[in-house]
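Asks: Residues 1333 to 1463 in the working numbering are what the sequence shown spells out, letter by letter.
Derived from the structure by calculation, the hints contain no laboratory data. Computed from a predicted structure; not experimentally measured. Treat the hints with caution; some may be incorrect.
Claimed, not checked - Calculated cross-link-like contacts (lysine-lysine; reagent style BS3-like; alpha-carbon spacing at most 25 Å):
1) K1391 with K1444
2) K1378 with K1444
3) K1378 with K1418
4) K1418 with K1391
5) K1378 with K1391
Said to hold, decoys possible - Estimated spans, in silico, between C-beta atoms of each pair:
6) G1440 with T1398: 16 to 24 Å
7) K1418 with D1364: 12 to 20 Å
8) R1431 with L1408: 17 to 25 Å
9) R1454 with G1407: 17 to 25 Å
10) A1336 with R1429: 21 to 29 Å
11) T1398 with S1337: 18 to 26 Å
12) D1401 with A1422: 15 to 23 Å
Just so you know, even glycine gets a beta-carbon here, dropped at the ideal spot from N, CA and C.
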Amino acid sequence: MTDASTILRLDRSRRDAMLGADGEALAALLDDGVVWIHGNGNINTKEEILDYIGNARTKYLSIERTEEDIRFLGGLAFISGVEDMKVEVAEGVLALRNRFTVVWEPSGEDSKIINCQFTSMREPALQQKKA
1333 MTDASTILRL
1343 DRSRRDAMLG
1353 ADGEALAALL
1363 DDGVVWIHGN
1373 GNINTKEEIL
1383 DYIGNARTKY
1393 LSIERTEEDI
1403 RFLGGLAFIS
1413 GVEDMKVEVA
1423 EGVLALRNRF
1433 TVVWEPSGED
1443 SKIINCQFTS
1453 MREPALQQKK
1463 A
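Please construct the entire structure, taking both the sequences and the accompanying hints into account.
Replies: Structure below.
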């Protein structure tokens, strides 16, 4: 599992599955115990992610990766970087810019995602000015 090209190919498959609302393809990439943390702090299980994406409750319109780094440590692969996304939800279309880390663990002949975390890079909104 030290082959960067394999991990990058798998991660491209993750993004393609998200864009295509392909729950079956995404399920094959996710470990049963995966922890998926969104940029707003919400946490989802595998079943919840598959429900949101596979049933088009969340529709990914675009995922553009602008930074990417891959590291291997203790048998795990860590991909981190920056992604710009457009996502359609019930309220409308969201434009997101997130730092991300996706952790891949060997599983049989391939690897599975055990953790996926996004951190919003949006500027904080000023709620109240100081007097």
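Asks: The structure should be examined with respect to each hint, and the outcome stated for every one.
Replies: Quick rundown of the hints versus the structure:
1. K1391 with K1444: holds, 22 Å
2. K1378 with K1444: holds, 12 Å
3. K1378 with K1418: holds, 21 Å
4. K1418 with K1391: With a Cα-Cα distance of about 9 Å, the restraint between K1418 and K1391 holds, given a limit of 25 Å.
5. K1378 with K1391: holds, 17 Å
6. G1440 with T1398: 16 to 24 Å: violated, 32 Å
7. K1418 with D1364: 12 to 20 Å: violated, 29 Å
8. R1431 with L1408: 17 to 25 Å: Taking Cβ atoms as reference, R1431 and L1408 lie about 18 Å apart, which means the hint holds.
9. R1454 with G1407: 17 to 25 Å: violated, 34 Å
10. A1336 with R1429: 21 to 29 Å: The hint (21 to 29 Å, Cβ to Cβ) holds, given that A1336 and R1429 are roughly 25 Å apart.
11. T1398 with S1337: 18 to 26 Å: Since T1398 and S1337 have Cβ atoms about 20 Å apart, the given range 18 to 26 Å holds.
12. D1401 with A1422: 15 to 23 Å: Violated, at about 34 Å.
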